[in-house]
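*Asks:* What follows is each chain in one-letter form.
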Amino acid sequence: MGKVSSVSIQKGGPGKTTVCRNLGEEVSETGRKVLLIDNDPQGNLTKAIFGDDLPEAIMKVSEAVTSGSQKAVPGVSNSYWLYEENEMPEPFMVTENLYIIGATKHLAEMGTKAVDCVYEFQDKIEVLAGYFDDVFIDCPPSAGTLQTAAHGASDYLIIPTELNEDSIDGVKQQLDSASVNKKRLNQKLDILGILVNGKDSHRINIEEIHYDHLKELYGNKLFDTVITHSVKVSEARSFNKTVKNHAPKSIQAQQFVALTEEYLVRSEV
Amino acid sequence: MDLKNALANHKSKKTNQKQKENRVESVSELFGGNDEGDLSILLDEAKSQGRLISLPASKFKPDPSQPRKTFNADALEHLQIEIETIGQLQPIVVRPVDNQGNHMIIAGERRWRAVRASKKVEILDAVIVTSELDELLVLRMQIQENDNRENVNALESAASIMRGVDLCKEHSKSTDDKSVSKYLGISATSISKSRGILGASDVIKALSEDNVIQDADTLYELSKAYKKDSAATEAFIEDIRSNDVEGNVRKASKRLDAELKEKHHEEKNIKNKGSKSTSKSKKGTKKMPVVEDVCFDSDGDKIIISLSAGKTVQDFVLSETAIKRLTNKYCLKLES
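Going down the list, the sequences are from chains A and B. The working numbering applies: residue 1 is where the first sequence begins, and numbers increase by one. The working numbering applies: residue 1001 is where the second sequence begins, and numbers increase by one.
Incorrect hints may appear among the rest.
Here are some of the chain B residues that sit facing chain A, going by a computed Cβ distance under 8 Å [claimed, not checked]:
#1 M1001
#2 K1004
#3 A1006
#4 L1007
#5 K1011
#6 V1294
#7 S1298
Within a straight-line C-alpha distance of at most 25 Å, the following computed SDA-like cross-link-like pairs (lysine to any residue) qualify [unchecked claim]:
#8 K1013/B to A129/A
#9 K33/A to K1178/B
#10 K1311/B to V1291/B
#11 K1014/B to A129/A
#12 K3/A to V1291/B
#13 K1004/B to C117/A
#14 K1013/B to E126/A
#15 K105/A to A57/A
#16 K1011/B to D133/A
#17 K105/A to V61/A
#18 K1178/B to R184/A
#19 K33/A to L1007/B
In case anyone wonders, no lab produced these hints; they're calculated from the structure. From the three backbone atoms N, C-alpha and C, an ideal C-beta is built for every residue, glycine too.
Can you build the whole structure from these sequences, using the hints too?
*Replies:* Now the structure itself:
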C-alpha cells in the first residue's frame, strides 16, 4: 500500500498547490509511482499541470445543440467521481511515474452532499493506494466536506505555512480539525510535518520571531527544509512547470529536492 | 488497472468484516467450532442417536443445584391438568446418573412434579444431553423463558443466569459479559445485576426467598444501598416487610441508595472540612460561636427556637421532622 498524504491548511496562500506539484513530481522522479489528487474545486493543481486547456479526461466540453452554449461535464479522470457512489475515476498519466486525478468547478457541489461521500472517498483512496507508491491530495483552503474527506483517507498531513500571524494561526486550526478527524474518522492519521514556505531569503526579525515560535510549539514536527521566497516559483507556475524544470540552478529547486528527501525519510518510518 | 472491480471487492470485504465483528449468535461462533447450535437440531440429533427416551417418573431425580427451588402449587396443578389432557409438549432435559436408567433432571422439574403427582400419566419424555454445551443451550432457553414470565423467583433466575455465564466463560474464548449477554439473549446489565443479587447479604436474599420482593431491580438497588449503610438498609427492609413503604418499592429503594450515596459524600466533605477547620483553629483564626441561652416560643402552630450567642439572637422555625427528632431522640416535651 502506498502512503497517502494530504497537503492541507484552512488558510489560503501558504503554497499547498506549489508543494503538492513540486514535491509530487520530485518524488516521482526518484522512480516512485506517484498519484496527485486535486481535491480543490478551484482546480489550481490541475491547471498547474495542464494550463487552461484541460484534457477531455478531466473535463468534457460539448456544444449544446439547442442553446448554442457550451456545456462542461467532469471527465473520467475527474476527482468528482471520488465522491460519487458506484463510480471510480481513472488516474490520468502525466509522465511515466506521475498520474493525476484532476478537479474542476464541479467538485464544489460535493460541499453540499451528505456525509456518505466522505466514506466513498475513503474507500476509493484505499483502493488507489494499492496501485501507487505515494498519493498526494491537494486540499481546498477551507475546513469542509472536502478537507474532512481528505483527512479521513490519509496516512499523513503536510501542513505548509508562511511566517506571518494568520498562517501560524491557520496551522493551529488545521491541527485542531486534524485531531477531531483523527478521533472520529481515521485513527491512523498522523502529522508528517509542518513546512515553512515563502520565507524571505534575508533575515527579517518578525519572521525569525515567528519561526522560533513555531519551533517552540511544534519542535521536530517542523520540516528542517525551508522553502524561501523567489519569483522563480511563481514564474514556474505560470509556465506550468516545476521549479526544477524552470530554474534548475535556483536555490528553491534545491530546497524542493531536500524536502523530497526529507519526505521519503519521514514517510518510510 | 481494473479499478471498478477493485473498489467493489474492497467494499464487500469491508462490510463483511464489520458485520462479523458485531454479531455473536450461535454457539459455534462463541466457541469457535463449526457445528450450529440450535435446540431443534439438538432434538433431531438426540432422536437419531437414541437419546430421546420415555421412562416412568420414578426414574428421574431433581438436580440439587437446579436454580428453581420453590414451586407454586396452583400452577403445578394447572400444568398437571394440561399434561393429562393434551400431553407433554416438550421433553424434559436430563443427564444419566448410573447404568440402571436413573437420570438427573437438568430442565423440566415442574413437568416432572406434575407427572409424578398425576395418576393418569406415568411416563415422561426426556432428552439425554451429553455435554455442557447442550446444557448451555437448554439454560439459554430457560433464561429467555424466565424473562417473559412474571413472578419468577429472582434469586433462582439470577442463579440460572450466572450458571449460564459461568458455562459460557468456561467454554468460550471471549470472556467479557457483553458477548456472553448477546449469546444468552439478555442485557449485560442484567448479568451484573444478577451478580449483585447473588452476592447480596442474606437479609436481602431472604426477601426473595420469602416471596416479599421478586423484582431484580429492587433487590439490586437494596444490595447497593446495603454496602453503603447496612443499618439504614436493614431498617428500610423492616419497613418493606411491615408494609410501611409508601408507593413504588423499587423507586423507594432507588431513592434510598441515592440518599445514602449523598450522605456518604457529605460525611466525606464534613471530614475534610473538619480537618481544615481544626488546622485553622490551631492558628487561632476561627472560633465557633457559643450558645448561651435557648428558648422555645410558639407562633400559631409553629414552634420557634431562638438561640442567643453573645450579643446576637437568632430565631428558627422548627420543621415537623426536627420536632420529631427532638422529642424522640432528646426526650424533650414540646407543646405549642
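*Asks:* Now look at each hint and say whether the structure bears it out.
*Replies:* The hints, checked one at a time:
1. Taking 8 Å as the C-beta contact cut-off toward chain A, the hint placing M1001/B at the interface holds, the least distance being around 6 Å.
2. This hint holds: K1004/B has a C-beta 5 Å from the nearest C-beta of chain A, less than the 8 Å allowed.
3. Hint on A1006/B holds. Least Cβ distance to chain A is approximately 5 Å, under the 8 Å limit.
4. A least Cβ separation of about 5 Å between L1007/B and chain A falls short of the 8 Å threshold, and the interface hint therefore holds.
5. Proximity of K1011/B to chain A holds as hinted, the smallest CB-CB distance being about 6 Å (cut-off 8 Å).
6. For V1294/B, the interface hint is violated, since its Cβ never comes within 8 Å of a Cβ in chain A; the closest pair sits about 62 Å apart.
7. Hint status for S1298/B relative to chain A: violated, with the closest Cβ pair at about 65 Å, above 8 Å.
8. As the CA atoms of K1013/B and A129/A are separated by approximately 16 Å, the hinted pair is consistent with the 25 Å bound.
9. Of the supplied pair hints, the one linking K33/A and K1178/B is violated, its CA atoms being roughly 46 Å apart against a limit of 25 Å.
10. At roughly 10 Å between alpha-carbon atoms, K1311/B and V1291/B fall within 25 Å of each other, so this suggested pair holds.
11. A threshold of 25 Å between alpha carbons decides the hint, and for K1014/B with A129/A the separation of about 16 Å falls inside it, so the pair holds.
12. Proximity of K3/A to V1291/B is assessed by CA-CA distance (about 79 Å); at most 25 Å being required, the pair is judged violated.
13. At most 25 Å may separate the alpha-carbon atoms for a hinted pair to count; K1004/B and C117/A meet this at roughly 17 Å.
14. Distance check on the hinted pair: K1013/B and E126/A sit about 12 Å apart at the alpha-carbon level, within 25 Å; holds.
15. In summary, the hint linking K105/A to A57/A is supported, as the alpha carbons are separated by about 15 Å, within the 25 Å threshold.
16. Of the pairs offered as hints, the one joining K1011/B and D133/A holds, with about 21 Å between alpha carbons and a cut-off of 25 Å not exceeded.
17. About 13 Å separates the Cα atoms of K105/A and V61/A, which keeps this hinted pair within 25 Å; it holds.
18. Distance restraint check for K1178/B and R184/A: the Cα-Cα separation of roughly 23 Å lies within the 25 Å cut-off, and the hinted pair is therefore satisfied.
19. Proximity of K33/A to L1007/B is assessed by CA-CA distance (about 20 Å); at most 25 Å being required, the pair is judged to hold.
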